[in-house]
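Trainee: Please model the complete structure; the sequences and the hints are all you need to start from.
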Amino acid sequence: MNKPLRRVALAMMAMIVLLLANVTYVQVIRADELRSDSRNSRMLYREYSTPRGQITAGGKLLAESVATDDKLKYLRTYPNGPLYAPVTGYYSFVYGSSGVESAKNEVLNGTADSLALTRLSDLVMGREQQGGNVELTIDPAMQQAAHQQLTSKGLRGSVVALNPQNGAILAMANSPSYDPNRLAGHRREQQKQAWQELTNAEHDPMLNRAILQTYPPGSTFKLITAAAALETGKFDANTQVTAKSSITLPKTTDAQLPNYGNSTCGTLPTAPLWEAMARSCNTAFAEVAGAVGEQKLRETAQSFGFGKDLYIPMEVANSDLGKIPGPAALYQSGIGQRDVRVTPMQNAMMAAAIANDGTLMKPHLVEKTLAPDMSVLDKHDPQRMSRPISPDIAHTLREMMVKSEQYSGDTGKITGVQIASKTGTAQHGANTDPHGWYVAFAPAENPRIAVAVIVEDGGNMGADATGGKIAGPIGRAVIRAGLQGGG
Amino acid sequence: MSQPVATDGADRTSGDAAPAPQGSIRRGTELLMLIFAAVVVTAALVLVAINQHAQLTPQILYYGGAFLALFGLAHLAVRRWAPYSDPLILPLVAFINGLGLVIIHRVDLGNATEGVEDWTPAAPDQVLYTAIALVLFVLVLVFVRDHRTLAKYGYTCGLVGLVALAAPAVLPSAIAPTINGAKLWIYIGPLSFQPAEFAKLLLLIFFAAFLVSKRELFTTAGRRFLGIDFPRARDLAPVLVAWTLSIGIVVLERDLGTSLLFFGIVLVMIYIATERAVWIAIGLSLFAAGCFVAYPLFGHVQERVGAWLNPLSQYQLREALFGMATGGLFGSGLGGGRPAIVPHAETDFVLASVAEELGLLGLAALFMVYLLLMARGLRSSLAVRDSFGKLLAGGLSFAMALQVFVVAGGVTGLIPLTGLTTPFLAAGGSSLLANYMLIALLLRISDAARRPQAPSKPKPKQAPIAEAHTELVERPR
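Line order of the protein sequences matches chains X and G. All the letters of the first sequence, read from the start, carry residue numbers 4 to 490 under this note's numbering. All the letters of the second sequence, read from the start, carry residue numbers 20 to 496 under this note's numbering.
All clues stand as given, with none of them false.
Once the Cα atoms are required to be at most 30 Å apart in a straight line, the calculated DSSO-like pairs of lysine-lysine come out as:
{"no.": "1", "chain 1": "X", "residue 1": "Lys365", "chain 2": "X", "residue 2": "Lys326"}
{"no.": "2", "chain 1": "X", "residue 1": "Lys63", "chain 2": "X", "residue 2": "Lys382"}
{"no.": "3", "chain 1": "G", "residue 1": "Lys171", "chain 2": "G", "residue 2": "Lys233"}
{"no.": "4", "chain 1": "G", "residue 1": "Lys171", "chain 2": "X", "residue 2": "Lys6"}
{"no.": "5", "chain 1": "X", "residue 1": "Lys195", "chain 2": "X", "residue 2": "Lys76"}
{"no.": "6", "chain 1": "X", "residue 1": "Lys6", "chain 2": "G", "residue 2": "Lys233"}
Think of the hints as simulated: they come from the structure by calculation, not from any bench.
Mentor: And the structure:
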């Protein structure tokens, strides 16, 4: 009987080998797929079982994890939820995460490769594993000013402020905003209710307008049209352009393109380009766009960042010129109407590039990442994104913007600081009030802050709203907060 | 493994009838290995406490000490009543049992924090069952002084086993309620037990005895077809009876696991007894036919197969796989995972708990321990001199192997899930009691295998004749 017994022994071995092979398949080969399955609550528990890192900016705490005594051991809290929500985003176990919480998740939860050594030492020392920290470039004073300016007047819109010299994002505010604390609670029902309320709320408070919403840029786009014109070499600041109050669009019978308020551009039949910019004359820039041509206009826009994928580290929506099917459309596009769409971030980048002698620095939000013990893991190096215009052209545009600032009213003017700016009043839709834009940088001679402000749908001024009236004061207040607050 | 690895001189010669030297019966090794098992188990308990942030009290050491004391007593009983038995079997069982206690305790803690409704701590019961099981273990050693005497009670065992197996199916639901879709349990007052676990043992004895006495029947060649000698049709009867019984278990008790186990054991024992692989082929054909018949007829079979084909569609299996995947190669550490998310993490799915917290490496180590245990059982089977002992030890070892395979394969999604307990590891009194009796029998047989031949005591004549007979029919061509 020994022969079959030995065969039975072999069969037993085979069974164990089969089991081991299958278990290897489940626990190693297929493990990642099973682990990341959304129904796998273990990862969630693990995620919440260690303190997630802090998000800080300028010495202020934006997000931290505090110990609780329920099943998920740490609660994510946002001491100034709505103020910083556009940057922090939310962190929910039902709805995932957004903003820096999502983009820097691996640092914050401690699984990033850069934290491998920390994890190892935690393991050896028997310490509880901790997430790393993220320090942002945000200037709390400017963020506060931007948020305050938008929300206190009940406006809808967005503010983006950049440091033109290195691309650091100094402020990124939206209105309406939301409180990410509502989505961070540990009760599923509570989260569901908050999510329902926020997603059904009017005007979409969770939309990150600064980087994800595109708007018609209106007259702020004239800076790009002017840049394209100057680049061709056929134009300079004093090139005479039409001063007509209204022109007929080419290849149409009677379609008119009027100036704002149907006014002429000065008193003469023609005006220098700089004056057309300062007075924001539509007719002049429509013709300039026509002279520059679609291709050049597109190239210039692209060099300012249009159509380029950008992560700050959150993804920024692409700004786009849209289709330009013919000269009439080119005229309209040249003054930022028709299908031209930009994000507030893109407009801030445009101002920043002009401010920085024509060099566009890549916008970034994360200053550094830190280990749990606050030692620096990674510090951001400023990166050049592109060089859309030469320093000379940048200076020419700067002079035009200084003049433009003088025409745009002086609400909130800062004594002793010269601002260079461009306003925009963008028509959109038939029965809606215009969006008001303000892009600016200051101080004009040595720019430290570039800002873009949009106020949606006429703000609190309705159809009378202009960029200068509703967006300008906000932009100046943000610049003031930055310059005086030491930003 | 076809050639068992010898660990010492005595083992190498014990296969033949040569007397083993007195000094190397290795009871000291057994004690040492038991201490080692106790240390590992205590360390495991400490790990659970640390990872669950419980206060480390000296009490854990008392638990470890009590564990060692319990198995120390069993060891003394082995010294007294089975002094020549295999020295590794008891420590291996103690290790699995101890690890099982730790895991069950750990799942208890998990059930408490996970907010699982309607649960009762299983660890204290399991400790009690372990103690009772060890008493039974000793009793078997004391009363079964020679395993060959069991052969005389073969038919009695068979009848009792059959009744036990059928009892839950035929008894009214008041005594034998349907739990989780299966009718396996008998409730008498506050006590409940699964008679199938004991029936397994009794039927093993019956089959060993029956097959040894009727071996000629099975080896008589019938018609030769396609170069294979088929048995005569009437000799198929025992296999057909076993097959019918297995189908009956599936139909009446809805217990796929026991059915599979039962049929598998019968098949392998016939194969061992006859040395003819054709029985395996016949059995597998019958098995396939059974599957073919049962699948369309029974919803619970389809359910199991459906869950097997798409494991993520079934909550329990899905959570088990998630747990195992989350544990990964190294596991979350004892007490560091969340095994209690899986329903029945301390019984049917205890292997998923092990896999999650100890990882692939831990599970593989556990499988190796099982394999070692089975191998030691088979060694005894190879070494023992009488046919009945060989067959019984082979059957007992294979029963354990098949049980581990069926339950582990089910939990890890290799084969459809069937309800069987993991021997010595899972919470459950009946299984533990029955398996300790099984181990006691194995020890008894290994004791006979390694016992030096006493010249004063003449060997029963039956054994060499049986051996000679085997040699005669091995090559009929």
